[in-house]
Structure formats: C-alpha cells, structure tokens
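S.K.: Residues per chain are reported as follows:
There are 2 protein chains.
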Amino acid sequence: MAACQVALDIDDPRGTQQRLGRAVREAVRQGAELVVLPELASSGYCFRTAAEARAAAQPVDGRFVGWLTGLSAELGCVLVSGFCEASGDNAFNSAVVVQAGEVLTVYRKVHLWGSEPQFFTPGTKRPVVVDTVAGRVAPMICYDQEFPEWIRIAADLGAELITVPANWPQLAHPSNERPLEVIKAQAFAGAYRVFIVIADRCGTERGQSWIGGSVIVGPDGYPLAGPASDGVEQAEAQAQVLLADIDAHLAQDKVLGPHNHARRDRRPDLY
Amino acid sequence: MAACQVALDIDDPRGTQQRLGRAVREAVRQGAELVVLPELASSGYCFRTAAEARAAAQPVDGRFVGWLTGLSAELGCVLVSGFCEASGDNAFNSAVVVQAGEVLTVYRKVHLWGSEPQFFTPGTKRPVVVDTVAGRVAPMICYDQEFPEWIRIAADLGAELITVPANWPQLAHPSNERPLEVIKAQAFAGAYRVFIVIADRCGTERGQSWIGGSVIVGPDGYPLAGPASDGVEQAEAQAQVLLADIDAHLAQDKVLGPHNHARRDRRPDLY
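As given, the protein sequences belong to chains A and B, one line each in that order. When we follow this note's numbering, the leftmost residue of the first sequence carries the number 1, and every step to the right adds one. When we follow this note's numbering, the leftmost residue of the second sequence carries the number 1, and every step to the right adds one.
Calculated directly from the structure, the hints in this document are not laboratory data. Check the hints yourself; a few may be wrong.
Where chains are identical, the list cannot tell them apart; a pair therefore holds if satisfied intra-copy or between any two copies.
To be verified - In the DMTMM-like style, the derived pairs of lysine to aspartate or glutamate whose C-alpha atoms are separated by at most 25 Å in a straight line are:
#	residue 1	residue 2
1	K254	D220
2	K254	E177
3	K125	D89
4	K254	D265
5	K254	D156
6	K125	E149
7	K254	E149
8	K254	D12
9	K125	D61
10	K125	E74
Here chain A stands alone, though its shape is the one from the complex (with noise of 0.2 Å):
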C-alpha cells in the first residue's frame, strides 16, 4: 500500500491534479495495490469563503471522482482520496474509495478541525468498512483520526486498513518530538490492532505550511513507513512517495501475547 503525499494548490487545480497522478503512477509502478491521497485533493484547502468551497465542490459523479475511477480501471488500483463534495446546497470534506473504475463508499468527515464549519456540513454516519482486493478499509479524515473512538468502531466493524486523505497544518511542536498527530496514530493502531495509512500534504497554500507527516503503522503501532515529517527535505518536496508492503489481514488477530486481547480486554460495561 502506498501513502502519496502531494503539494496541493487551491489557486491552482491542474497542476495539483498532475501532481496526484504522477503520484498515484508512480506508487503503483512500485506494487502499491492501494494508494491514499490527501484531505480536500480535488480543491485545495486554504478556502477563503463559504462561497468559494460551494463553488469548488463536486458531486459523486463529477469529474474529480470520474478521474480517479478511470485511473484505477486503468491501473489495477484501489484509490482511496479526499475531496471537495456537492451534494444539494451543501458542501462536504469527504473521502471517496474506488476500486477497478467503481466508487465502493464515500465518507463525509464528522470531526471538523479550525474553520471548517464554515465551509463543510459535518458527517452525520459512523465510519464505513469496505471490501477490497487489498483489504478491508474504512475511510476517515485528518482530525477524525485523533478520536480514538472513530479506529475502535471501524476495527470492531472488521475493517484491516484505516486510510487517513489528512492536511495536518503545522502547529508548534517540540523540535525532538513527532508530532502529536503522528503519535497519536501510532497509538491507535496499537490500541485496536489495525493498520493505520495516512496521507498527509505538502506545499504551502496561501500562506499555510504542513507538518507533511505521512506515515503507514503497522498494527503494533510502529510505523512502517514514514512519518515523512522525521526527514529533513519533506518540507521541499512536491510530492512523496511512502510504500509498505503488508499482508492486511494481520489485523484481525487482536491477539496480545499468551493471555491478553486487544477487543476482550475492554470493559464495556463501564465505558
């Protein structure tokens, strides 16, 4: 599976479309099966008005989301990425997964980070799960992830792959710490034995810059690959590449050593 973290640019869509698909080719080209591109990849997200978001979403069957099915017809991939939604008079922060030139679900974000109500109605649905041919995935957005209820509902659904499309904007952290995001994942996937693929960005847009912390943790929580952000030239990059090569169904052993179990340890009854 592969993580493509890619510089977004709201002012400019064409570019920042070609960015996602030279991306997209080349994880594939490298054996990714499935790839996750970032939060809001068909628009940008540095939205100045409500007006402007409303104008730069698009239906399910418009042309971002029929891009990107075309593109996994033509490589054999499952896509999982976020965009720009219209769906009546509301615009949503979704994530859409496609597989062989078909939409599987799209998911609209619940936890809405900064001004984001502004822009978006919020996600009324719990997470989905999926069957693909690269596992079983739920998709979520950016600050969904830091609830650790979001990955324990997916997990006690079945999904294996928890695939973040994220922009995690930089926020002043320890110069020696990951960030608190990054961490947060690791703990996660460690907490309900799921792989965890997040897709951060990169490029500064209006004025923003990124943590561009793409990383894929493995079930023990431990990355597999990433977090982009401990190296020193994400910050240049346009795009970057983060592949793991794993077997997905690992995740449903919630096995914890000789007598523990990730699920059955919970106490239910007093949460």
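Once you have looked at the hints, place chain B on chain A.
M.R.: Relative to chain A, chain B alone:
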C-alpha cells in the same frame, strides 16, 4: 511532581522498601509535592502462585500503607503507590493515594495483564478523582492506562493528573522507537488534555526485565520528564527520580486553538 522508578524485588521486601523510601525523600528534597511509586511496590510483581500473592497482600490499614501515610505526614507530600491489597479472601492489585497522614482513596486495577487474573480479583469500579494539595488526582494502574476510555472518564470527572503506578514488562519493540506504552501515554494525555505521571519500575525480578519507561507527560502530549527508557543507563539504575514543575490547573483548559475543544469536539451521539 515526581515519578520514582525503583527496583522492586519480590524476594527482598525490606531492601525494596528502603529503596522506595530513599527515592521519595530524594524527590521531596528536590521539591516534589506529589510522588508516584510503581505498581505493587509493597510486594514486587512476579508471583508464582495465588497463595504467594495472597500471603503478600495487606489490608489498607496494614503495614505498607501505614508506612506511606507516615511518610506523607513527615514529608508533607502526596504519595501515590501501588500495593498488593488484601480484602476478605481476595487480593487486589491496588493503588493508594495518601496525603498528610490520611488515605484519600484506594483504586483497584480493572484491566489485568498477563497472569494477573491468577493472583488478583479485578476491580469493578470506574476511576475516582480526589482533590490533593498538588491537584486533582485520578490513580490508575499500568495496563488500565492503555484504554483511552479510562483516561477520558477520569478527565471528564475533572482529573488534572492521571497517576499511574506501573510494572511494564520488557517486550520486543523496534530499538529506534519509544515503547508503545509511552506512545499511548502521550496520545491519551494529548487527546484529553491531562497530565499523565507514570512510575514504572526497574530491577530484574525472577528473570523478568522491565521497560523502565517512567514518564511525565503534559496535556499537549509531549514529555516533561523522561521517558526514562530513552536513556541508556536506566537498566542498571536501582532507582531514578523524574521531576517536572507543573501547574496542574492547566489541565482544566481543553481549548485547542481558536475553534476547537478536546471535549466538545467529541461526538458522543455517534460513539
């Protein structure tokens, strides 16, 4: 506040108590108002039989807690320590909070690890929060801390400091990574905006070695002291005192930037 990482020895309770006492005095000498000691500090961890655990267990009004309360009165500090508790015919893996010669609360470990169910009756109660001179304290024990719900419940009850006596057995993990137990402490402290103080142990006991990962984490998820396992000497040390100078009330602030809030951003209607 301080976390005292001390070598326990199930076959030398007298030497163990001397090391605990020295570590507490050293912590207080350096200014600690609250000191956390390891899990099962009264007995050591590696029981061979239930009978051995039962024989080592002491009531709350027994010698070990009596010694702790005396020490808290003499030194004018709050102490949180694990101990092997006898109650009726049962043994519990418990933690006591003492201040100024008084027992404030006893907590019984709910989430048992490894062979512990052979030796201990699991606790049945949710976390408790007690007011101390050093802040609002919720004690929990070792594996309890790996369940995010446990931290959340305590935080929702107003806990500022999650105090965690621990005995973390050494398990295989990548040598360039922090142990997952530490990563979870960071993630959960950051997710619920509380301080987490973990007093792990050191000292090989009946062939078992330990992580020695004591750590004091702030509400931003980053270590204020430790993890002790980041150092190379800890495996050899018989005791190590971690100190952090904090304002516990900062944990009451759940605000995340201008738009977000660690508690209000949750979606309990969906969990």
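S.K.: Hint by hint, note whether the structure agrees.
M.R.: Comparing the hints with the structure gives:
Taking CA atoms no more than 25 Å apart as the test, K254 paired with D220 passes inside one copy only; the shortest distance there is 10 Å, against 29 Å between copies. In the homo-oligomer, the alpha carbons of K254 and E177 lie at most 25 Å apart only across protomers (22 Å), although the nearest pairing inside one protomer, at 29 Å, exceeds that limit. When the C-alpha separation of K125 and D89 is checked against a cutoff of 25 Å, the pair qualifies only within one copy, where the shortest distance is 19 Å, while the shortest distance between copies is 48 Å. Proximity of K254 to D265 under the C-alpha cut-off of 25 Å is restricted to the intra-copy arrangement: shortest distance 10 Å within a copy versus 29 Å between copies.
In this assembly of identical chains, K254 and D156 lie within 25 Å of each other by CA distance solely inside one copy; the values are 11 Å within and 28 Å between copies. Taking the closest pair of Cα atoms, K125 and E149 come within 25 Å of each other both inside a single copy (13 Å) and across two copies (21 Å). Proximity of K254 to E149 under the C-alpha cut-off of 25 Å is found in both arrangements, the shortest distances being 17 Å within a copy and 18 Å between copies. Within a single copy, K254 and D12 get their C-alpha atoms no closer than 44 Å, and across copies no closer than 37 Å, so neither meets the 25 Å cut-off.
Proximity of K125 to D61 under the C-alpha cut-off of 25 Å is restricted to the intra-copy arrangement: shortest distance 21 Å within a copy versus 52 Å between copies. Taking the shortest Cα distances, K125 and E74 never come within 25 Å of each other, neither inside one copy (31 Å) nor across copies (56 Å).
Checked against the numbered hints above, the structure breaks hints 8, 10 and satisfies the rest.
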